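With chain A held as given, fit chain B onto it using these hints.
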Amino acid sequence: MIATLPDIESRPQQKDSRSTGAVVARLQGVSKTYGDVTALRNIDFSVQAGEIVALLGPNGAGKTTAVKLFLGLAKPTTGGVNVFGGNPVNAEVRMRTGAMLQVAKVPETLRVREHIDLFSSYYPKPLPLAEILAIAGLSEIKDRKFGELSGGQRQRVLFALAICGDPDLLFLDEPTVGLDVEARRLLWDEIRKLVARGKTVLLTTHYLQEADELADRVVVINQGTIIAEGTPSEIKSKTAGKKIRCVTRIPMEFICGLPGVLKVCQDREALEIQVSEAEPVLRELLQQDSQLSGIEVTSAGLEDAFLALTQDNNSETEAARRI
Amino acid sequence: MATASTVFAPELTQPLGRTFISFLKEARYEFLKYLRIPMYAVSITVFPVMFYVLFGLLMNRGAKMGDVGVSTYLIATYGTFGVLAASLFANGAGVAMDRGLGWMQVKRASPMPPFAYFVAKFITSMIFSTIVLVALILLGISFGGVHIAFSMAAKLTITLVLGALPFCAMGLAIGYFVGPNSAPGMINLIYLPLSFASGLWFPIEALPKFLQAIAVHLPPYHLAQLGLGIVGAGRGESAWSHWQALIGFGFLCLGIARLGFHRDEGKTFG
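Respectively, the protein sequence lines represent chains A and B.
Residue numbers for the first sequence follow my numbering, so the first one is 1 and each next one is one higher.
Residue numbers for the second sequence follow my numbering, so the first one is 1 and each next one is one higher.
These are computed hints drawn from the structure, not numbers from a lab.
Small disclaimer: the values here were computed from a predicted structure and weren't measured.
C-beta atoms are modelled at their ideal positions from N, C-alpha and C, and glycine is treated no differently.
Some hints could be false.
[Unchecked claim] With the C-beta cut set under 7 Å, the calculated list includes, among others, these residues of chain B facing chain A:
1. Tyr29
2. Ile37
3. Arg61
4. Pro111
5. Ile190
[Unchecked claim] No farther apart than 35 Å at their CA atoms in a straight line, the calculated lysine-lysine pairs in the DSBU-like style are these:
6. Lys107/B x Lys145/A
7. Lys145/A x Lys209/B
8. Lys107/B x Lys142/A
9. Lys199/A x Lys75/A
[What the hints assert, rightly or not] If you want the footprint, here are the derived chain A segments under chain B, 3+ residues with CB under 8 Å:
10. 68-80
11. 107-113
12. 198-212
The following block holds chain A by itself, in its conformation from the complex:
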């Protein structure tokens, strides 16, 4: 759980001047099934030149499948995939894209600079090695073998492989998984620099803070369906609200019935109550239970917004009970 979220309103918003509006990649009515499992259901989704789009969702939501479709690693069951006006499997298209995927194992006996040298050779106009090493923060460890690297350093090598060809469009699948806070911020800075240079980025994440910090546009995906789309602040405003935490003997069912209560759940000895407005609910609670203690009121972060969005989508029954 993310404790504090930086206030997104105070973040410089430059997206509107950046994005040129031209669609560089698009999924059109795409469904993808693997046997009995439906990974994506009739998805329409496009990426515009110059923007950072975050595909946000829990594990198994279909994020990686979407990335694989964009990269031509999987074929849609129905619908169309289009990248730079062509099929993503075309060599011309692949020369303009870079990808960072979740990989369990990379050849461990090759050195960092050797991996980069090889991938650079695939592209028509690769960046100079020194520049790639600098961007990915690998200059110090360029002679190390991949197997000798820490988890964070490995992620950075994969990032280097994604950018070495100076591609126009980058797909980053969970780029900061396993990175510490410091390394994560450094990578964010590098991603912002790329976009400042006119590149386009699609990243997937289940770190809500990451989507909030980086993205011009957030697409929330759950169980293979897009459930919300907008700027980080728009997504947040959809469920702008507060979270009350307190210890009380009032039954959950009763609290559920109060006006303005969105969701109640038990967290150890306390209740967590998501509300649209804190004060009326608090007043009512205090009136009902004079023993009520341990009150905490926090504002709902993107995390809660996201939970609320996915929950609304998932459990109609709960919603029905609330009314």
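Coordinates of chain B only, in the frame set by chain A:
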């Protein structure tokens, strides 16, 4: 969609020179990758050499197998054994590993020339095969009293290295159907009995009758017989028939590998 294609019309074509460099680098790094894995480099080169030293140089000194010395005969059979291992492990275990753990996806998503990956693996195993063969021949000449003309040694090496290509394909076929962890074990399980039954460890005539009957249908037998034919210890069968068997087997394996390649799409999701 129309706007997208007009704004971003593909303008790049792959010049031949750069493709060639990609192939070269792919092969170079593939070779380096295995050279730096002692488990691979040692087990590929050391086992055939060790067997040869043991059975060809120490135990059967001066013995004859038909017209040629045992030390000469066994260069062909342990040479076959060596190229078999090099081909199966570099391709089979290599592909299984790359596939199972996501690396293959990264490669496929990149603009790597599609065949560079396979060509690099084939070249790598061919280099290791050559190393094994040269080591066996030099050992035989130095310590086993083997008299072999340079041209014959070269012909033997080239024949066995090229004849190993179907086993590279067999490696791919295995690599596309087994998991990364079970691949080395599975390859051992297949190629050790196969080697034995094809007469690569002991001369085919020393095997029980029923095994001899099976041997002639096994691909490594045909490769070994090509090698033995060159050093003058063949069984008088035509080289062409052996090549035919190997080529047929190679295409069969390529077909299986191709099935696996297409089956691969859509194994993971999330």
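Here's how the hints hold up against the structure:
1. Tyr29: 5 Å, holds
2. Ile37: 6 Å, holds
3. Arg61: Hint on Arg61/B: violated, closest Cβ of chain A at ~39 Å, above 7 Å.
4. Pro111: 4 Å, holds
5. Ile190: Constraint on Ile190/B not satisfied, violated at 23 Å.
6. Lys107/B x Lys145/A: 19 Å, holds
7. Lys145/A x Lys209/B: 51 Å, violated
8. Lys107/B x Lys142/A: 20 Å, holds
9. Lys199/A x Lys75/A: The hint holds at about 25 Å.
10. 68-80: Our answer is that it holds, as 6 residues pass the Cβ test (under 8 Å) against chain B, meeting three.
11. 107-113: Per the Cβ count (3), the hint holds.
12. 198-212: violated (count 0)
This entry does not satisfy hints 3, 5, 7 and 12, going by the numbered hints stated previously.
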